[in-house]
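K.L.:
Residues per chain, in single letters:
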Amino acid sequence: MARDTVNGTIYLLTNPSREGAYQGFRLWRSTDNGQSLALINTNVPGGQTAADKPMIAVNNFTGLSTSTNVYVAGAANFSNNRGVFVSRSSNGGTTWTGTTNFATGHGVDIAIRPDGTVYAFYLVSRDHGGGVFTNWLQYNWLRLGQSNWQGPATVSAHAGRTNLYSLGEFGGTNPKRSNAAAEADYFAAVSFPRVAVSPANGRVYIVYTDLPFEGSTTDRGDIFMQEGIADATGGLAWSGAIQVNNDRTLTDQYIPSVAVNPSGTGLFVGYYSRQGDPSNNSLIWAYGAKANVSGGLVGATFDVFPIGSSAFTNLYCGTTNSTPSSKPWMFDPVWAQTGVWLDRSARVVDPSSTNAVHETTPTYANFTADDYTWSAADGSYYYFVWRDCSDVCTNSWMGTNYIRADPNIRFGRIKP
Amino acid sequence: MSDPATGAVTHDLSRCTEISAGMHYDNGTGWVPSESMIELAPATGGAQAVRGPHKAYFPPTLAMPIELTMPSGQAFRLQPIGLYYFDAVSGKTAEVAAVDTEVVGILVQPNRVVYAGVLPGLGDLMYVYAVNGFDQSVILAEALPPPEAFGLPSASTRLEVWTAFDGPTPQEQRPIVLSAETELWRRQRMAEPDLVDHLLMFEDCWFPLGAAFVVDASKLGEPGQAAPVFLRDPSDPDNLPVAKRLIQIDNRTVLVESVSYSDLSRKLGGLKQATLPAERRNQPSADSPGRFLRMAASRQINPAKIELASAPYEPSGLLLDYTILSGTANSYTFSNGWTYVISNGFGVGSGTATFQENSTIKYATNAYIYMYGSVRFPASGTPATFTSVDDNAYGATVTNSLSTPFYAAKQAVWIYYTTVTTTVRNARIRWAQRGVQEDQNSGVYKNPSLTSSTFMNCSIGVYLNTANDTLSLSSDTECSLATPIYVQSGSYSGSITTDCGVISVARVNDPSQDTASGDSNKNAQSECSFVVVNTNCVVTAFFDTHLSEWALGRLGYVFTNIASPRSSGWAISTNGGVAFQATAPFHPPRLQIQPKATPVIPSWHEIP
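So the sequences go chain by chain: A and B.
Taking the working numbering, the leading residue of the first sequence gets 1, the next gets one more, and so forth.
Taking the working numbering, the leading residue of the second sequence gets 1001, the next gets one more, and so forth.
Simulated from the structure, these hints should not be mistaken for lab results.
Mixed in with the good hints, there may be bad ones.
Unchecked claim - Straight-line distance between alpha carbons at most 20 Å, and here's what the computed SDA-like set of lysine to any residue pairs gives:
hint: 1; chain 1: A; residue 1: K415; chain 2: B; residue 2: S1452
hint: 2; chain 1: A; residue 1: K415; chain 2: B; residue 2: N1575
hint: 3; chain 1: A; residue 1: K415; chain 2: B; residue 2: Y1394
hint: 4; chain 1: A; residue 1: K415; chain 2: B; residue 2: G1121
Claimed, not checked - If we take Cβ atoms under 8 Å as the criterion, some of the chain B residues that face chain A in the derived model are:
hint: 5; residue: R1187
hint: 6; residue: A1191
hint: 7; residue: T1333
hint: 8; residue: S1343
hint: 9; residue: A1396
hint: 10; residue: C1479
hint: 11; residue: V1502
hint: 12; residue: S1529
hint: 13; residue: I1572
As the list claims (entries may be wrong) - Label pairs and their calculated CB-CB ranges:
hint: 14; chain 1: B; residue 1: S1235; chain 2: A; residue 2: P278; range: 31 to 41 Å
hint: 15; chain 1: B; residue 1: T1574; chain 2: A; residue 2: A200; range: 25 to 35 Å
hint: 16; chain 1: B; residue 1: P1223; chain 2: A; residue 2: G240; range: 31 to 41 Å
hint: 17; chain 1: A; residue 1: T31; chain 2: B; residue 2: T1382; range: 18 to 28 Å
hint: 18; chain 1: B; residue 1: D1263; chain 2: A; residue 2: S156; range: 52 to 62 Å
hint: 19; chain 1: A; residue 1: T31; chain 2: B; residue 2: T1497; range: 21 to 31 Å
hint: 20; chain 1: A; residue 1: G63; chain 2: B; residue 2: G1494; range: 22 to 32 Å
hint: 21; chain 1: A; residue 1: G63; chain 2: B; residue 2: T1483; range: 51 to 61 Å
hint: 22; chain 1: B; residue 1: E1222; chain 2: A; residue 2: S156; range: 30 to 40 Å
hint: 23; chain 1: B; residue 1: G1494; chain 2: A; residue 2: T31; range: 35 to 45 Å
hint: 24; chain 1: B; residue 1: T1497; chain 2: A; residue 2: P278; range: 16 to 26 Å
hint: 25; chain 1: B; residue 1: N1468; chain 2: A; residue 2: G296; range: 27 to 37 Å
hint: 26; chain 1: A; residue 1: A200; chain 2: B; residue 2: L1402; range: 49 to 59 Å
hint: 27; chain 1: B; residue 1: T1574; chain 2: A; residue 2: G63; range: 31 to 41 Å
Computed from a predicted structure; not experimentally measured.
For glycine and all other residues, C-beta sits at the position ideal for the given N, C-alpha and C.
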């Protein structure tokens, strides 16, 4: 979602219906502060195949030739490769122009600096076979008044190192169900970058998940951040990676999002963390970190704190606590009756089948935790939204009641 | 600049001041950094420590006293005499070991002098000189012979260390009752029913509560590194508190350290039993302890000379010590807008420690501030902040700060056996091993209080060792504390509430609609995004599994008869996110526009 702060229009960009050879995104628009939403475009930006990971942003800086322009970005298929694209609309999303395909990468996010420079940050994952990938962060940028995107340029993930430590697909750090779980019993937590820009000084903040070091087997995720300062060409000079979480435990942190306040002095990062369960590395909480970056990110001290008071169960969202004994870890995100889309290798109860349990190889269900959390800031507060599985519900299947973790959405408001 | 009395204040850079006891001294040409160092004194055959605000001289043998001169000019001559048993019931005394005045000391660089074997058959005496104080330790390498060997009962006997004391009269001797006999009939039969320590306060130094503990090389610091002198924690379970007092014996002042034999024997268990010389058995004396005293020789050329240790000194056994801490300030004010760095220990007493609003005190690892007088905190305004030197969130940034703090201060605010009522208020305490520690004497009721203070990222917020006293808590908050309150002794009223700055957490979607849709088994929501319209209005949209039979997903992609659950939910808050009004679940939009336009959550997971 994005909002035009000049005229109050709210935009909602969604995935297409995945039927047949599906194409671009759907765009919805609200002019009454979300009371209603109107579908205004069913193929954004047009010409894309299998669009996914929609991101949208509005240039809310005034006095520019692109003020109030809307930008979208996402992933799509390009000659059998997955890549990212960016496009722009100057009429509130009705039509799109300047669509540019970078033809590589995934998980793109958009950032707009006060001078009108637009950035697209994404993750590139190169398959080396055998389940091993090298991953790095990359970006392109479009300066105000120009028609050609610059770049790509890389963001070195760590000091003296371009690539992420993670060797999983899309930077997946693959947190396990718990420390005691089998090696293959993990879920995918991708390392897609998320970005925010200081409206006051134009500094760009990028946050991402990665392993604490290459080969880390117990701790499967820390949160890293960098600050980028633009030069005359629009390229960014990076601060180097700063670790955000300060738990000093061998537990997993993953899926961050970032926000900066209007004055550019306060930074907020929200993410999932298991630091409250250092022995088992199983229970999950929503955590926040905030810092005063008046003097820049380097040297800033993050205050880290829990946002949600309830931990998720060590069962993943949607799974049962009493599935058939041979499938105690079975994951079912929706408790399907007739329809559920699963991540690859997931297992699921299929009520329509006497076979009861579908599964594919490998043995374990490497499903996804979530691809995104979302953070925002205004002059008064920080805001964070996440999927929370601390509620429970009961579902009936084949005459038996199953108690399940109930995935719900929670929203936190936080003092700066 | 530096305080002549404390040798304390140094670098003054951008309203940031480093402050600790004895950091600098005047060498006659100006203020220079102090060093915890003892050097040979060839002229006398002894050793001397002269690179700090207080000076020390160690004679070749303990036939002569140790000499200490404080910055104020006050001089102490301390000559250990020996170990004694004292029966608290009968009042009888027996000599366990007299100091061998022929033993020549060795200098263990950089800052220890050891008189090895000076307690025949039992152990050594070790002295530590540091910029912030001085420490004498008896190190028992072998277990003491039982008091019964001297005709004394173990149950009521105390081990005493006697040191002839020639120095100024203390300004104050503050009693601390370590143990008391509560049975009246038994008290009436006892010569000394209570074991009482006395904090000895002098013009610019003081003797805090001593300790006995099992020691090995690991507790004496790294070889070649300066051994520390610090205020021992009386409630540390590894420490056995050692009482001390000044008494007169045959018109001489003697510093007597005392510890219960039965308590001590539990720590002596692993030591080899010492053999008692036959001539010392069964010689208790109640009437003439003075016969144990020897006259100190004056400093003179001695044919023996202290020499450098040829090997590291790595004792193991039981250590009993007394400590002299110098460089404390009688009163001190931490000023508004200034940042103070405490690199080791800093004490204020028996005057007032004042923390003005918006003052910041940053601690190195294991540093502390102790106060044994009054304290004054800001009644309102910006809190006084106590945190790690690596915490850049408050105060001036300290040079070489790591910006990623961990538990630093051993005790950020240490209220040490005060005789006045203390109130800690409007304090912001972060990244401390212990935020506030209150030690109080048995039978003392000062009703300390802690109010309107915040704790964040501390191992222990409040550590109580207040015997019978009660700490009052009010309007205090904590976030991310491993243990908010730890009670070693004493009690507290009130509580510390958890507040991490999270104003509200609300569930965005409405679970009742999971069943309202008629599809109760579709109840997963995830991947929410939102926009903040203003401080009241928040609009959210999220992935919702309701009514997913619309087959939005790729049919047959994984399972032939299981389609995608892509559907949507959307909710609005009109009170800043305190609560949301969720819409009913919607069919996922296909290519046609719905009669009432509805949103679809973006990006339910797909990894192609």
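K.L.:
If a hint holds in the structure, say so; if it doesn't, say that too.
P.N.:
Consistency of the hints with the structure:
| no. | hint | verdict |
| --- | --- | --- |
| 1 | K415(A) <-> S1452(B) | holds (18 Å) |
| 2 | K415(A) <-> N1575(B) | holds (16 Å) |
| 3 | K415(A) <-> Y1394(B) | holds (17 Å) |
| 4 | K415(A) <-> G1121(B) | violated (66 Å) |
| 5 | R1187 | violated (50 Å) |
| 6 | A1191 | violated (54 Å) |
| 7 | T1333 | violated (26 Å) |
| 8 | S1343 | violated (19 Å) |
| 9 | A1396 | violated (11 Å) |
| 10 | C1479 | holds (5 Å) |
| 11 | V1502 | holds (5 Å) |
| 12 | S1529 | holds (5 Å) |
| 13 | I1572 | holds (5 Å) |
| 14 | S1235(B) <-> P278(A): 31 to 41 Å | violated (27 Å) |
| 15 | T1574(B) <-> A200(A): 25 to 35 Å | holds (29 Å) |
| 16 | P1223(B) <-> G240(A): 31 to 41 Å | holds (37 Å) |
| 17 | T31(A) <-> T1382(B): 18 to 28 Å | violated (44 Å) |
| 18 | D1263(B) <-> S156(A): 52 to 62 Å | holds (60 Å) |
| 19 | T31(A) <-> T1497(B): 21 to 31 Å | violated (43 Å) |
| 20 | G63(A) <-> G1494(B): 22 to 32 Å | violated (55 Å) |
| 21 | G63(A) <-> T1483(B): 51 to 61 Å | holds (55 Å) |
| 22 | E1222(B) <-> S156(A): 30 to 40 Å | holds (37 Å) |
| 23 | G1494(B) <-> T31(A): 35 to 45 Å | violated (52 Å) |
| 24 | T1497(B) <-> P278(A): 16 to 26 Å | holds (24 Å) |
| 25 | N1468(B) <-> G296(A): 27 to 37 Å | violated (52 Å) |
| 26 | A200(A) <-> L1402(B): 49 to 59 Å | violated (27 Å) |
| 27 | T1574(B) <-> G63(A): 31 to 41 Å | holds (32 Å) |
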